[in-house]
Structure formats: structure tokens, C-alpha cells
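J.: Sequences listed follow chains R, F, Y and L, in order. Taking this note's numbering, I'd label the letters of the first sequence as residues 1 to 656. Taking this note's numbering, I'd label the letters of the second sequence as residues 657 to 1312. Taking this note's numbering, I'd label the letters of the third sequence as residues 1313 to 1641. Taking this note's numbering, I'd label the letters of the fourth sequence as residues 1642 to 1970.
Keep in mind the hints are simulated off the structure, nothing from the lab. What you were told as hints is all true, and nothing was included just to trick you.
Simulated crosslink set (DSS-like; lysine-lysine; CA at most 27 Å straight-line):
id	chain 1	residue 1	chain 2	residue 2
1	R	K584	F	K1248
2	F	K966	F	K885
3	Y	K1454	F	K886
4	L	K1697	F	K1124
5	Y	K1627	L	K1795
6	L	K1947	F	K966
7	L	K1956	F	K966
8	Y	K1618	R	K229
9	Y	K1368	R	K468
10	R	K256	R	K143
11	F	K885	Y	K1454
12	F	K809	F	K847
13	F	K1240	R	K584
So these bits of chain F aren't anywhere near chain L, every CB distance computed over 10 Å:
id	residue
14	R770
15	V793
16	A817
17	K847
18	L895
19	F913
20	T1132
21	A1135
22	P1164
23	P1188
24	E1215
25	R1216
26	S1237
27	D1261
Nothing here was measured: the structure is a model prediction, and the numbers come from that model. From the three backbone atoms N, C-alpha and C, an ideal C-beta is built for every residue, glycine too.
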Amino acid sequence: MKLRMRTEAFPNPTRERTGCTPGDEAARGLAAAVGKTGGAAPRRKPAVTVDEHIVEIVSDSGEGAQRCGQSFGSIAARTGHGIWTVEIIPAEIQPPARSIAGTSGNRVRLASRRIMNGGDEADLVVAFNEQVLLSRVRADELKADCLILLESKWRTDPDAAIAASYAHVCDELTARGYRLHEIPMERECVKYVPDPRRGKNMFVLGLLCSIYCLDPDIARAQVRFVFRKKDEKVIDANLELLQAGYEWAEVNLDLKFAISSSRPREPQIVVNGNTALALGVVASGMEVCAMYPITPATSASHYLSDIFEKVGCVVHQAEDEIAACAFAIGASYAGKCAVTITSGPGLSLKQEGLGLAVMGEIPLVVIDVQRGGPSTGQPTKAEQGDLLAACFGGHGDAPKIVMAAATIEDCFYSVIAARKIAETFNMVVMVLTDASLATAQQPFPRPHFRDDWLAPPVDQSAAPDGAKPYDWDPRTGLAARFIPGQPNGMHCLTGLAHDRSSRVAYDPEANQEGIRHRSLKLAAFQRTLRTPAVFGGEDGDLLLVGWGSTKGAIEEAVERLRAEGSRVSALHLKFLQPMASGIKEAMQRFDKVMTIENNWCDRVDGDLIDGQNRRYSSLAWLLRARHLIDVDCWGEARGEAIKPGAIVEVVRHRLQ
Amino acid sequence: MKLRMRTEAFPNPTRERTGCTPGDEAARGLAAAVGKTGGAAPRRKPAVTVDEHIVEIVSDSGEGAQRCGQSFGSIAARTGHGIWTVEIIPAEIQPPARSIAGTSGNRVRLASRRIMNGGDEADLVVAFNEQVLLSRVRADELKADCLILLESKWRTDPDAAIAASYAHVCDELTARGYRLHEIPMERECVKYVPDPRRGKNMFVLGLLCSIYCLDPDIARAQVRFVFRKKDEKVIDANLELLQAGYEWAEVNLDLKFAISSSRPREPQIVVNGNTALALGVVASGMEVCAMYPITPATSASHYLSDIFEKVGCVVHQAEDEIAACAFAIGASYAGKCAVTITSGPGLSLKQEGLGLAVMGEIPLVVIDVQRGGPSTGQPTKAEQGDLLAACFGGHGDAPKIVMAAATIEDCFYSVIAARKIAETFNMVVMVLTDASLATAQQPFPRPHFRDDWLAPPVDQSAAPDGAKPYDWDPRTGLAARFIPGQPNGMHCLTGLAHDRSSRVAYDPEANQEGIRHRSLKLAAFQRTLRTPAVFGGEDGDLLLVGWGSTKGAIEEAVERLRAEGSRVSALHLKFLQPMASGIKEAMQRFDKVMTIENNWCDRVDGDLIDGQNRRYSSLAWLLRARHLIDVDCWGEARGEAIKPGAIVEVVRHRLQ
Amino acid sequence: MSAPLTECMLKLIDEEYTLHDYQSDIPPRWCTGCGDNGILTAVQRLCRDEQLAPEKTVFVSGIGCSSRFPHYMNAYGFHGLHGRALPVAEGVKLRRPDLHVFVTTGDGDCCSIGAAHWIHAVRYNMNMTVLLHDNQIYGLTKMQASPTSPRGLKSNTTPRGTYLDPLNPLTVTLGVANASFVAQAADWIPEALYDIILQAYRHKGFSFVRILQRCPEFLPHHFDPWLRDPAKMRLLVHPQGLQLSAALSKTYRNQEVHDPGNLNRAREIASLTDEIPVGILYRNSQVPCYEDLREGERPNTPGLIKTVLEEEFDKFTIWPEEQDGAPRS
Amino acid sequence: MSAPLTECMLKLIDEEYTLHDYQSDIPPRWCTGCGDNGILTAVQRLCRDEQLAPEKTVFVSGIGCSSRFPHYMNAYGFHGLHGRALPVAEGVKLRRPDLHVFVTTGDGDCCSIGAAHWIHAVRYNMNMTVLLHDNQIYGLTKMQASPTSPRGLKSNTTPRGTYLDPLNPLTVTLGVANASFVAQAADWIPEALYDIILQAYRHKGFSFVRILQRCPEFLPHHFDPWLRDPAKMRLLVHPQGLQLSAALSKTYRNQEVHDPGNLNRAREIASLTDEIPVGILYRNSQVPCYEDLREGERPNTPGLIKTVLEEEFDKFTIWPEEQDGAPRS
Ligand SMILES: Cc1ncc(C[n+]2csc(CCOP(=O)(O)OP(=O)(O)O)c2C)c(N)n1
Ligand SMILES: Cc1ncc(C[n+]2csc(CCOP(=O)(O)OP(=O)(O)O)c2C)c(N)n1
Ligand code: SF4
Ligand code: SF4
Ligand SMILES: [Mg+2]
Ligand SMILES: [Mg+2]
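One chain only, chain R, in its complex shape:
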């Protein structure tokens, strides 16, 4: 059995295109426009060439910073920059205005090359009020000398307290070295629209296009696209605001950055991880997705609900996760391999059902978009806390396959692979992603549809004479299963211990025979896995091992560290249970091995924690048990993606 694994980064042949080229058509058009509006003639501004920038746009939720950021990201991507966008999600549904907990927006990292994570602190932030700005300062998300573009209207706010707070924040931040630019956003917007609060975000988009020398045609096309469902008047108004922002920046701002870009040779798609998952479900040929709403998995189901019916398939919102799991099992049993999508708490509830699928050898795909735990934890935040529960969560001996998506592209292909594995081995396959992949966007090569992604049609042919539903192959543990409708295949599937004929097995031998063969399938599958490649050097002082969404950050950290001369490499695992062969050998080529995981492990600093009681990160635990190598770990449970810079820091420290 061959599976198409798409873990390696996609080779990205490009043609170079650098510097700000105000000479081009579009810009001249705008310059002219600027002329027309009779402002001062546009000054020729030298664009500072940078390799990358991280830009944040933050506002109260509902003010459209998210849409602005996403559009900015798309424009940058279409212009040919490498991008990675991260949503800044308010913790509350409807937080009060100008509140720290309510900060909503988007972070866009744009670079001259393809990038695989959200990067470190921001270089430039656009804030709609000083409170949301503060929340980013407090969270240490801004570079020390970060550029700030702040709505200036608050300075003169009728409410004295607000005006004071605004002034105070401005003074403090300037004092602390931030480069503050106050911008009369609404004052400018009212010139074009009645309610400036709603139009602001497009004005800001214009500003940013000017500052980063983005192709105005693409910008306009993007705005049209965003408002495609609205009528012409709305579209025109927003185009006007875009232009106004662009002009205002050209005239009033001394900020221009040139980031070289190169349009890819082949088409790319820009989606977030959850959208990629949903597309993967469609592409896998599965017909049923049974789910119960839960953050952050739900948005995948939302998008899937939208498109799945177009291919005649069903998203079933069940009464709870247990029903969703049972429903999916029923559909799979009847020949329609199904998927159930959930997040941590849902995974805990499905454990019993998963055990039944294991026992009955019913193929099933389970997607867990991990969030902050334990219990209800931090529903909107990122964490990699469910690995051990995915491997060992159910009672009894219930072997499952556990894999994790490492990139947004991987979310798409992982689902297709999972369905194939599930139906080839009649097993439960878990796909782990997390909140950081769920909402992050990044371009990747547009997939080329292949028929072999799809499930074959349900077999309804008669079962051979005397064939048994669990006729386990002694070498692989595999058995053909009979699907309702197949003449001659009638049997009673049961969660009780059973023999090859699916009859309840009371004697010790029959029980062990079943357990042995279900376990054997995991080994059989393990033999099909390729040893993952080491990123960096084949040997050295330190090997960082990771899984899931941390891949981009870890590899970027490795690049930086190697650039400094450290002999650090990285190994990223797609399959966590079972694991590919050769991992031990890879680890042995390094003096130290450490996992980097976005989950908790005890720090050994306190006086209580020692080798006898330290609780390790999940992957470290698995590697130690399997390979008896002293795998150290470093992890955070801060509810956000790990930054490459943080990893660099940790490694520098460990290597001292």
C-alpha cells in the first residue's frame, strides 16, 4: 500500500522582483490621482529595503481589523511575498469597546521568501485605539522600536478620561522608544463615507499598501473580491477609502519599505488550516462528517457544511460528541467511511466510542483541533495537549494510529491519507491539528485533484463461501470486512471479545488472538512508514524534535542558530503512533535531544521537581519510553504558537 505523504516543504521556483517600483503603471495612476486631489506633489520617498516585516492591525472586535489584515495578507501574497497570517481572537464573544480582553485583529508576516510560521515580535502595528494597542504591548508582541500607527481621534475625545488615557499611553510608549505616528483615520474617512467607523479598515489597507509598495491593481481587485456579495455602491465606497488611505500615506507618511517579491510559477491557494481540513474531507471522498460544535474545530465544520452538500454529502450536527462518534461509526460500518471532527473535551467524550471502532475494526477518521486544556481550558487558544490522550485515552488495549498535521498544506493531505489508512487497515486514525494552524493562513501549491484520493465504491458483492468477518492474516493482522448488503457476509459485529466469526469469545485463547491481531496491524502499518528527514545537519550538538504545528517555528529557529554557527538540527514527526523506524539512529547522532512542544512540562528549577517526579512533555515521554534516550523537553502552555525567537533563546541557553 502506498500513501502520498506531503510533509516536505514545496520547492518554490520563482522569478525575482525587488524594490519599490513607483514607475509602474498603477503607481503612476495613483500619483496622478494624488495630483488631482491637489495635495502636495508626491515626494519621491526612498524605500527602505527589508527582508521581512511583521505587521499587526488591531481594533475592537467588529471594527474590521481582521478583514483588513486578511486582505493585506492576500494582496501581499498575490504580489508575490511569502506570507503567514495569524488571527488575533478576542477572548470574549462581545467584549466592551476599548478593552484589553477585546483586542481583535490580525498579524501578517510578509517576507521575500516562503515562510512557515508567524515569526517573532511585530515591526509595525496599526491600532484603532490605545487600549487594544496596550494589550499587544503587555503581551510583549511588539519589537522594542516597533512602528505604531494610531488613530488620533481619541486625543480630542469629549470624554476627558479617554483623552487622558490616550495621551498618557502615547507619551509612555514614545518614551519607551516606540516610533509613534498618530493618524486621523476617521477624520479622513468621513470625507468619503457617512460612518467612518465602518470604513476605517479599508483606509488602513490603503495606508499599508502604500507603506509596503504593494501593487494597487491587486489591492483594488482584492477589495472587489472581498465585497463581491455586496452591491456596487458599497464596492465603490470601499475602493475610494482604499485610495484615500494610499494617497494619505503617500503624502503624509515618511514610511516606505521594499520587500522583494516573486510571483510563484504555479498557482497557490491561500486558506487557513480549518479550511484546508474541510477541503481535505471533500477530497478524501468521505461522505459523512458527524460533529458537535466546539471551538476551535467548528469553523472547519462551518465551511464543510457550506460545500459538502454540493457534492451530495452530509455534515450531521449530532446532539453531542458521543452521538457524533457513534453516528460516524454507524456510517463507516455501513461502508461510508466517515469523519468526526472535534476538540479536546470532545475527544475525551469520544473515547468509549473509539474503543468500539478499534474492537470492531471499523475504519474511522477523527480530527482533533487541539485547544488549551485541561477541561474547558482556553477554547480559542493554541496548545498541543492531547497527544497522550489520543494514544492512550481509552480503557483496555485499543491501538489506534495517531498523526499530526505540521503545516496548513499538510492539513489538507493528512485527511486524505487518514481516510486511506483507516480503510486499508480498518482502524481508527486520529489527525491532530491545533488552534494555531486552524486560523493561520499561508499560500501553498494548489492541489492537483487525483481520483485515487477518493474511497472506492462500497463493495456489495457476495462474500466467498465460508469466509469469516475477522479472518485475521497471521502476518499483518489484516482481515477483509463484510459490509451490510453483501450477500453471504452476514455476521454480528460486537464490542465484546470475539472470534474470527465475530462470535462472542469466552475463552482465553480467542480473546488473546483478537487482541494480538489488532495490535499487529499497528506494526504492519509501521513498516510502511518512511524515516523522516533531519532538517539541518545529519549530526551535531543538539537535535530538536517536534510534531504538529511547531514545525515552521522550529525549523526557522534551526536556520538562525546554524547561521550563528551552532550545530543544531530538527526532526519533525508526522506519525506519533506508531512512529517510523530510524528515529533512534537520528537522535543518536546528536549529543543532546530535546523536544519542543506547545504543552506543559515541569521546569527543573524549583526545589521540588527532580528526575523522579518531573512531568515531561508528551512527545518526549513517548521517545524516552521507546528509545531509552534521555530526551529533554521544552514547552510552553501560553495559548499561542511558539515563536522561533523563543526557541532560539532556549537553545542558546541549553548549549551554554
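Start from chain R and add chains F, Y and L with the ligands according to the hints.
T.: Quick look at chains F, Y and L with the ligands alone, frame taken from chain R:
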């Protein structure tokens, strides 16, 4: 904080008493009786002195073999023998008569010394028909030269097929070397009772008392006790049958075994593991047990339902396991530390609830009487399959304490300890037992009640000014909790990430602070644990490590192996998460370390299984990860207690 | 278990399934006198009379004595998890309308641990026949109280008697939106049992039949009052409902003409405590089935999947320079 | 959050709790115009008028916008798991009859994932007040259909509209044995809301109040038809039920005199689809409370525990030779 741990075997001062003493009062009385009934004068029979015997009584279910066996065990115990009884439970609720799946009965191991497990194959079996006898032969439960006492009526059964089958089985078994004695049980019984099928079991009890020279007074007292709720007529009839059996054996059987016995100096109680658990719940001072019926945990709840109301407490049968867990959490939250009792499938369902208790730091005791898994598996059979699910089952980082009861006595004290730990650390404490402890009986010293077993009364005093509900101690992670009714302690407990005031925590720091402290409590508790003692020698060639119900079998195997001269020792763990310090050092003193567990691990014999994919037994996995020692494992998933002989075999083989 | 292929071939010739074709080679393992035996017989008769192809028939159950049912049918069986039979059956039916789906469940399985699924299954109204084997006790786990156990019943978890009045599965079901077929039968009136199950099977939608079932093992004389005195059984008769044979209506004189279309009266009848109503309490053929509402207009062919995927990809695509740089809307 | 001790002392002197005493220092974080705000106000008024000691009052909830409720009360709060508020509340109440227990839950929390617990909580009839905030949508998770969403409602999981008729929480509750208090209120009639919650609180038993609650964020105009046209609201009035102020009965002329003792009529009223009934549908003060039925005759003192344990030990004891070798019965 000091906890009373009762893992070490109890010192058992005794006075010797050996040989068969037909000269004593009781026996003379019987002899006389024999005379009266005009049978041949009782022949003086030399009693073969043996150190121990394993006796099985098997019948169709409903024929009373279980009652006979239990009584036999109690009489032997009261006579001063060491005993261990094991129930032989039919796999079906109401199996057809004379069927193999329907075999019901009891196995009694009686010895001259205290014994801690059910031993190996049987020396003598009493069977009510040849089919149930066959089931024991097939299951390899009988010694090669096992003595068989078989009801003979089938030989002349009107149904030719039955008579034939009977004759056939008799011939075959005799041919195979079993020592068969055909006994006209019913023919004898009809002399005393109208329905011999119902009285048979007491007749057999009489036989056995004669064969094993048990004190007739004690036998009679036992029969009176068994039928204490029945009227005198019933009691007398059964006493007559007892006597008849005794006489018949004295006259017609050439079998007498003398096993030396010694009445203990202090009172002992004889109960099974589930009864011990229920007594432990009462003794722990808990007031609420919320459960949902599930085999094999239910019988504990049955007995508890019977006695708990006498102390004004409640067993609540909830609508399902999730509700049972939530109900217990509610009671604990309100100051009444509660217990929820379940088995594998229930544990899987409770995972989400347990995560909440961890997050809210609500003390909770969870008892899991493990059964055969996965899924519905083998509900009535023994397995140790839930260890990893107990440790890692829930999503997110949910540290719990996991302990296992090693003996029946330990079932009692573990519950008391669990309640104390739970309330001292505001944690979830899991107590693992299994089906083999649940139904096995053995005498242990009658506990001396202590007030400090009980929970202190609920604190309703006002909370100190400005005190916070989660004011974590930076060194131990402990925080005082406020219980409803305490003035000044009002707060909103939440499953969301929260700060010291129990307010929803949105920022990274607060989230990590909570996770860190909840994890720290595990380390703080770990520091209170004593290093378990090695059984056998302090160093050697092989260390066997076990947990839970396998203790008796492992240690007996070690005794035998050491008697052969092998340098084998055993280490038994009561706490699995966290584990005591010093275990690594103990393991390092041996050339090889191997766990013995009643759960599945891949055999390395096949061509597919290798070090890269072998699935280890649960404890082996934990020890390998923690201590990086190449801990091997051997386990079975045969649904029954592991036999000391099996362990001896395995070890001999590994040591070659 | 599975009849050899040759036999199947023969079937195709003389088209006739006999009772034997529905009996698995595992002999039923219920206690003698257990009501489940009678229900099994009735269902096997139904399959024979309706000539259901065994390979097209699926029996889904949970866990319990009653849930052993599928093992004794020669058909596809799914003996799953305690309480989860209904969602499994829904999953089976959703994309396989060609399959005849039956669910056998117990009073604990359906009304206790499975209660949420039960309520929602009624609302989904998928086309399946649900037999609630209500023996008012937990049989398999050896006699614990069930939600339908009468107040005061002594059981192993209630040695001094249960504390609460029993849950009434009929009134609960009749309180749920989209209830489309609700009936009650008793295992000791096999003729009515058969007729009711037959109408349940023929009803397109979620047919819920509560069957009062004897458990001689644990509640030997539980239903004696009703067995002894037929007058305590109220038979619901109606042209659209149950019609009694002469013999039956001679024994059971306590009859009520009840129109299964009358919901309010159905609820009143369901609420009877002393008398046991037998018959069809409610039927509404107008309620749509979830599987029909969710049926795709077009079959999910590879071609269709490709088309839709490409459409979606287009929305998110960045085209190379050569091509139009603008996103397509 | 917790008032300093001194303040508590003062309380003991002038005995009077004010509204302020029930407000936590966390400002409610619901959307402006969210019906939950009105419910919070009504409950805080209730606590004030009934002078409930904050430390003796416990608010238990599940997960959802509505389940944030306990954070905003100055009392003990338990913001637990999605769907599990009721069993938690039962556990709290069982051994602490001295505590006033309230449950706030949502239509998804109670009627979807929590449905089994809901059915059984009604049957247990423990003395607590349950407020079902029914906004007919999943709010917290951003607009998915709920079981009570009207058919055709477009939501994120049903972009083409929901497929089924809504579940009716009133008819379901009225179908459950031991139902003892069932009422309906609407957040936009605060006066009736308050009166109904007050009677619910004063009823000894499980008081179930379904509150139609506006969710302006996701269903801005959802209840407009009923808001615009008071005639579409049917107010249930009765000496034993709701009594309307002159003002109220002037606006809401569509009134029915309904005796809360009449179960059959209650079920009919509950089944109304076009009109929204407001008031007390059913009340039965005779149903015993589970916590009373389970109350031990004797308190579990160490002395009693020792006595009972020794009794039990005796049954299983083997005495040393010196003592009587016979088991004690
Ligand atoms: C999750 C889970 N909980 C509990 C059980 C144990 N169990 C098996 S059947 C059953 C109830 C049986 O009663 P009922 O549903 O009425 O079926 P009956 O045996 O009476 O036909 C229970 C509690 C289980 N198998 N799984
Ligand atoms: C086990 C579990 N499943 C799902 C969720 C996600 N979730 C949180 S609230 C909610 C439903 C909210 O709707 P409702 O109960 O009506 O409350 P509302 O927000 O409308 O007040 C869901 C599905 C969860 N937190 N836990
Ligand atoms: S225990 Fe009761 S329900 Fe189960 S098989 Fe026996 S009689 Fe039937
Ligand atoms: S989303 Fe709806 S229910 Fe939730 S707070 Fe806002 S308005 Fe209220
Ligand atoms: Mg039952
Ligand atoms: Mg809602």
C-alpha cells in the same frame, strides 16, 4: 502529611496443629453416627500429609457449587488453614444446563501457611456433570493427575446421548491419567431431601470436610450461618446432608489429606475485594457514592447500598457514568468528598468530568475495577488494561494520582488512603483494582477502627479577609479551597483557565501559572512516598516489577525460583502516578528488569514486531520513559489471574 | 452463520425466505421464559412475511440481555455500546436507505444512559423500527433498578426499594417533536405483538414500540397482576390501528377505540398507571424523514467532487504572473 | 469578590441584603441587548427580596453564554461542563439541603448534550430552580443550530436552513414522571419573568423555567413578531399561577385562565406553535424530593460508623482459637 500504607504482608503468629486427628470429639461423634446408620465400620484411613491443595467445585449455575465452595473455604479458614478462593463465573447470564460456557463454581486453595493468590492447577475437582468438568480440562485448569469426584447419575441417564457423552468423557479422562471417582450424589441425597438437585452442594461439602479432615463443629456452624435467614427445617435438612456426605466419604472413599493448620492469634476477616472496597468507603468517612451499574464493579455498590444507609449515607445510581461523575464532583465541591465506582467503559466516559475536577481542584476518589478490554471486551474477566488511560486519559494537562490495590486487604485501606490524599491535595485519586481481586476471598487481620480514617467535618467558618480560592503555595502548589456556606469565600469555580481568584484567565501567564501549580502538587505528593521494598534479594539477575492484583502470584513465583537458586526478586508498586523515588536504584541492582502484567504486550517472536514498533505493557512503558532502563515485559490477556507457575516458566525461559 | 453462496443462488430462483433463513446458528441464550424469546420469534416472522433479504437487514443494539438480539438473527448485526444503539443506527441509515434498520434496546439502554439519543432520534424521525424491551430492570448486570422500575421495587442497588415513580417511555416520546409512531405491546400477547411490530415496520419513519417484557430470572411475578386479569390490559383498537381477532377480543374485553391521529388522547392514554394500554397510540405519516431531508440532489461522483473542489480552489488561488493576478469571485 | 469579613459582620447586625450584595465585581460580558442581562437582573432582585445569604446560595451552570451567569453573581458559582450542570447541582444539593441551588443553562446545554440529565433531573425532583435560557441558537460557539431552532433557520452549520422542527422543552418536560413545576417566561416581559422565577424559587422541588431569550448578536430580529404583536403572547393567569398587574394585562390581552394543576391542558398549551404561552403551566407540590427520600435517619457520626463497621466485620470474622470458633450470625 502521613498516610497509613498497608502493602507489606501481615506478620501472622500462629500455633501449629497438624495431621488428621480422628480421635477428637467431633469425629468420634460422627463415627458413632456412622455406626448407627449401620454402614460398614469406619476404616482407619492414613491421611496423606500435604502442604497445600487446590480444590474446585463446579456445576451448572444455580446448582450451588459457588455456595459450597465458599463454605468450604470459610470452614478451612476457620480451621486455621491459609486460603484463597476464586469464583468461577459463567460467561452467560443463564446458560443452558450441562454447557461448557455455563460452568459456575469456586476454586479453593487451602494451605498450611498464609497464601496470597489462587495458585496453579487444581489437585482435586468435584463436578456435578461431565460437561462442566470438561470446561476445566479444556482450560488447562487441572493438574495432570488431578483427582476427580464426579456425579455418577449421568451414566444411567434416560437420554442416551447424555449417557454416552458421560461414559465417553469418563473413559477419556481416565485414559489421560486423571484419577476419577464416580459418586452417586443425588442417589444419596434423595434419602434426605425431596429435591436432591438443590441439596447436593451440602452433601459435597460433607465429602470435602471428610477428605480434608476439617473440624465438623466448624462445618456445622458454617452451615447454620449460611442458612441463618432460612427457617430451622431448612437448616436441619442441610445439616443432615452435610453429615451424609461426611459419612459417605468416611465409608466409601479412600481419600484423606492432612494439611497442617494454625488458628491465627488475632481475629481475621474473610471478604472479597469488592466487599473490602465497600467497607473502605464506609471507613473513609465519605458520604456519597455515585455510580452506574457495570460489571465487575457493581457488586461493590450492591454491598455498599446495603450498608451505607445504616450510617446515613447515600449510594446514588445515576442515569449514566457521566452523571455519576458529575454528581460526585458536585457533592465533593459542596464539602462531602465523594467516590465514583466504575469499570473500563465507565472510566472512558468519565474522562471529561475528571478533567474538570483536576482543573477545579475538587477532591474526588475514583475506583476502577478493571475488566477485560477494549470496548465491552470481557466484562466478567480480569485484566489490567486501564493503567495508561487512568494516567493520560483526559485531554490537556490533567495531573491525577493513580494507585492500585495489591491485595484484598489493600482494597480496604487504599480507599481510606485515597480519600485522605484527595482532600489533602484537592486532587483526583484513582484506585485501580480488577475482576480477580473483586471476587477472590482471603482472610486478613480484622481492621481496628480509627477515627482519623474519617473526613473532618465540613469547614463552614468565614474565609479570611481577601483570601483567594486558588492561592497556590509556590512551593507545593497547594491552595485552601472555599466550600459553599463559608462566608466571605464566594467565588465562581470554573473549568476555564483561571487566576488565583478563580476569574477566567485570558493571558498566557495566568494560564501557565495554573497549569504549573496543578502539576506541582503531584511532585509535592511524590515527596511523601516511601520507596517500596524489594521482595527477595536486594540485587541479582532479574527483577520482576508488578502492580495491583499480581502481587501474590509474582512473589510466590519469586519464592519458588529462589528456592531453585535463581537470583530473582520482585518489586511491587502501589503508586503508579506519581511513582516513589528509589525505584531506579532498585532496578539498577539487577541485570535484567521485567514487568509482569495482566495486560497485552507484543511478543517479539513474529517477523513484524521489533524494537521500533513493539507495544509494551503499561507499567513497562512508564518505567522506561521515567528511568530510561530497558525494562522488558511479559503479560497475558487471558481474562484470568496470572498463575505463579506461569511466571516461573517465563522467568526460567528468560534466564536461560 | 452466512448461508453458503449456493443457497443464496437458490433463493434467487424460488424467491422465498423461510423462518429458518433468519435464525443464526447461535441458539438464543436468554433464560427460559424470558420475554425476549417471544420478541425474537415475532421479528423473525415479520422478516419472513415481509421477505426481507437478510443481507439487506441490519439489527443494531446497545448492551443488555435484550441487546444480544442481533446475535440470534441471521442478518447483519451491530452489538455496540451501552446506550448508543440509536446514533449508530442513524449513521447506518443515513447513506444506506436500501437497508432495513431495526434497533433492539433495553429500558436502561434507551431510557437511562441513552436518554439523550432517544429524545433526538425521535426528532430525527429516520426510517427505522425501534423495539424497547422494557423489563423494568437491569437484567444483564443482575438486577439493578431501571428508570422504569416501579416505585418500591427491591433491587441490588435499592435493597430497601426504589425511591422514585417510574419514567414513562410513552409520555416522554409523545412529548418530543416529530414523534411519528408510538405503540405499546406486551410479550405475553404474541398476536398483538406481531401486528404492532408489523405496523411499526411498515410505517415510514421512526417507529417506537415499547414492549413490556418479562424477566423471570429477576422479576418472576412482576407482571402477574396483568397476566391474571386481562381486564387490566386496555387494547386500543381502530381501523387505522390495531384490529383484534375474535379470539383476542374475547379474552381482552377492555378495549378502547382510539384514533392514532389524536395526539392529546394518546398522551392521556399513555399516562394511565394502573391499566396497561396495548396498541398504536400515535401515528403521523406526514413527518419527513431526516435521511430524505439530507439526501444530496446529485450523487457524489469523482467528477462532481473534482468540479466542486476546483471551484473552491479558484476562490483561494493566487495565479502566476502570466495569468490574471486578480482573484476570481 | 468576597466581601471583607467586617462587612459580613455588619450584615449580621442590620440583616438587610441589598441588590449590590449579589453583584460580583466582574461586569457582565454579554452583548448589549442580550436577554441574559435581564434574567440576571431578575435573579438578583429575587435574591434581594428573598434575602438569600450569598454564601448559602450556589449557581451551577454548564457552558455557553448563559452559563457565564454564575460569574456575575456574588454567591458560590460552579461553571462546569457543557451539558452537565444538572448532575453537578444534584450532587451539591443531596447532602447540603441548607444551600439554595440555582441552575442556569442554555438550549444546547440542556436540550442537546444535556438531554439525558435533564429528563432524569425532572424525575429526581430535587429542590432547585432551573432557568433554561432558550435563545434557540448556540451563542458562545457563534451561531450553530440548536434543537430549539425553528425549522429553516440559517446557521453556520445549516447554511441552507435547519432541517427539523424544533424540540419543545415544555412538552418534553411535561412528559417526564415527577415533573412538579413547569413554566415559561420571556426576557422582554420582565415583570412576568420576575414573578415566574419567584414562584419557581418558592416551589419546593425541581422548578423548570424556560425563558425565551433574545440573542441580538446572532438572531437580531428573531422574536420581533411576538415583540411587535403582544396578542401572539398568551398569558396564563390563575390564582395559583401568574397574576397580572393592570398595566401588564392591558398590553397583553390574550390571556387564558389556566389551573396549574391541570396536566392535560398544560400539555395542550405547551404544544401551541404560533402563540407563545407565558406563565405557570404545571405545578404539583405533592411530589417528594429525592434529597428528602434519601436523607439518612441518623447523622453519620464517627460513633455510628464504628458501630456499623464492627457489625459488618463480625459477619466476616474468624476468631482466634481462644474465642468461639463459630461465625456469628
Ligand atoms: C458504558 C457502560 N456502562 C455500563 C455498562 C454495564 N451494563 C451493561 S447492560 C446494562 C443495563 C442492562 O439493562 P437494560 O438496558 O434494561 O437491558 P436488559 O439487560 O434488562 O435487557 C448495564 C448497566 C456497560 N456495558 N457500559
Ligand atoms: C463537551 C463540549 N462540547 C462542546 C463544547 C462547545 N460549546 C460550548 S457552549 C456550546 C453551546 C452553546 O449554546 P447554548 O447551550 O444554547 O448556550 P448559549 O451560548 O446559547 O447561551 C457548545 C457547543 C464544549 N465546551 N464542550
Ligand atoms: S435475566 Fe431476565 S432479561 Fe435477561 S435473559 Fe434472563 S430473563 Fe431475560
Ligand atoms: S452571543 Fe447572543 S446569547 Fe451570547 S451574549 Fe451575545 S447576545 Fe447574548
Ligand atoms: Mg431491562
Ligand atoms: Mg442557546
